[in-house]
Amino acid sequence: MAIKLTDAQFDAAMERVGRLKRELDDLSIAAK
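In the working numbering, the protein residues as written are 3 to 34.
None of these hints come from the bench; they were simulated from the model.
Misleading hints may appear alongside valid ones.
Cβ-Cβ distance ranges computed for the label pairs, FRET-style [claimed, not checked]:
| id | residue 1 | residue 2 | range |
| --- | --- | --- | --- |
| 1 | D9 | K34 | 34 to 40 Å |
| 2 | A32 | A4 | 35 to 41 Å |
| 3 | K34 | A10 | 33 to 39 Å |
| 4 | K6 | L26 | 26 to 32 Å |
| 5 | I5 | K34 | 33 to 39 Å |
| 6 | K34 | A4 | 35 to 41 Å |
| 7 | L26 | A4 | 25 to 31 Å |
| 8 | S30 | K6 | 30 to 36 Å |
| 9 | I31 | K6 | 32 to 38 Å |
| 10 | A33 | K6 | 36 to 42 Å |
Cβ atoms here follow ideal geometry from the backbone N, Cα and C, with glycine treated the same way.
Please take these sequences and the hints and turn them into a complete structure.
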(Lines of atoms letter the chains of each structure in order from A; the text may use other names.)
(Lines give C-alpha, C1' and ligand atoms only; values in the text may rest on other atoms or scores of the structure.)
Protein backbone atom coordinates (compact mmCIF):
# COMPACT_ATOMS: atom_id res chain seq x y z
CA MET A 3 0.00 0.00 0.00
CA ALA A 4 1.46 3.31 -1.07
CA ILE A 5 1.67 6.21 1.33
CA LYS A 6 1.30 9.64 -0.22
CA LEU A 7 3.53 12.28 1.32
CA THR A 8 3.51 15.98 0.72
CA ASP A 9 6.81 17.58 -0.24
CA ALA A 10 7.09 19.07 3.23
CA GLN A 11 6.54 15.70 4.90
CA PHE A 12 9.06 14.07 2.57
CA ASP A 13 11.66 16.76 3.30
CA ALA A 14 11.11 16.35 7.05
CA ALA A 15 11.49 12.58 6.78
CA MET A 16 14.70 12.90 4.76
CA GLU A 17 16.04 15.36 7.34
CA ARG A 18 15.41 12.81 10.11
CA VAL A 19 17.02 10.03 8.07
CA GLY A 20 20.07 12.18 7.41
CA ARG A 21 20.40 13.06 11.08
CA LEU A 22 20.10 9.40 12.12
CA LYS A 23 22.70 8.39 9.56
CA ARG A 24 25.15 10.99 10.88
CA GLU A 25 24.60 9.75 14.44
CA LEU A 26 25.21 6.15 13.34
CA ASP A 27 28.38 7.23 11.53
CA ASP A 28 29.58 8.97 14.70
CA LEU A 29 28.84 5.85 16.77
CA SER A 30 30.64 3.52 14.37
CA ILE A 31 33.68 5.81 14.37
CA ALA A 32 33.66 5.98 18.17
CA ALA A 33 33.38 2.18 18.40
CA LYS A 34 36.59 1.62 16.44
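35 to 41 Å as the expected CB spacing between A4 and A32, which holds or is violated: For A32 and A4 the Cβ distance comes to about 38 Å; the hint holds.
Hint says 33 to 39 Å; check whether the CB-CB distance for K34 and A10 agrees. 37 Å, holds
Does the hinted range 33 to 39 Å hold for I5 and K34 at CB? 37 Å, holds
Taking 35 to 41 Å as the stated bounds, is the beta-carbon spacing between K34 and A4 within them? About 40 Å separates the Cβ atoms of K34 and A4, which means 35 to 41 Å holds.
Within 25 to 31 Å or not, the Cβ separation of L26 and A4? Distance hint for L26, A4 holds at roughly 27 Å.
Is it true that S30 and K6 lie within 30 to 36 Å of each other by Cβ? The hint (30 to 36 Å, Cβ to Cβ) holds, given that S30 and K6 are roughly 34 Å apart.
So does D9 sit 34 to 40 Å from K34, Cβ to Cβ? 38 Å, holds
Against the range 36 to 42 Å, how does the distance between the Cβ atoms of A33 and K6 compare: consistent or not? 38 Å, holds
Please test the hint of 32 to 38 Å on the beta carbon pair from I31 and K6. 37 Å, holds
Just to be sure I understand the hint, the distance between the Cβ atoms of K6 and L26 should be within 26 to 32 Å; is that true here? Distance hint for K6, L26 holds at roughly 28 Å.
In this structure, every one of the numbered hints holds.
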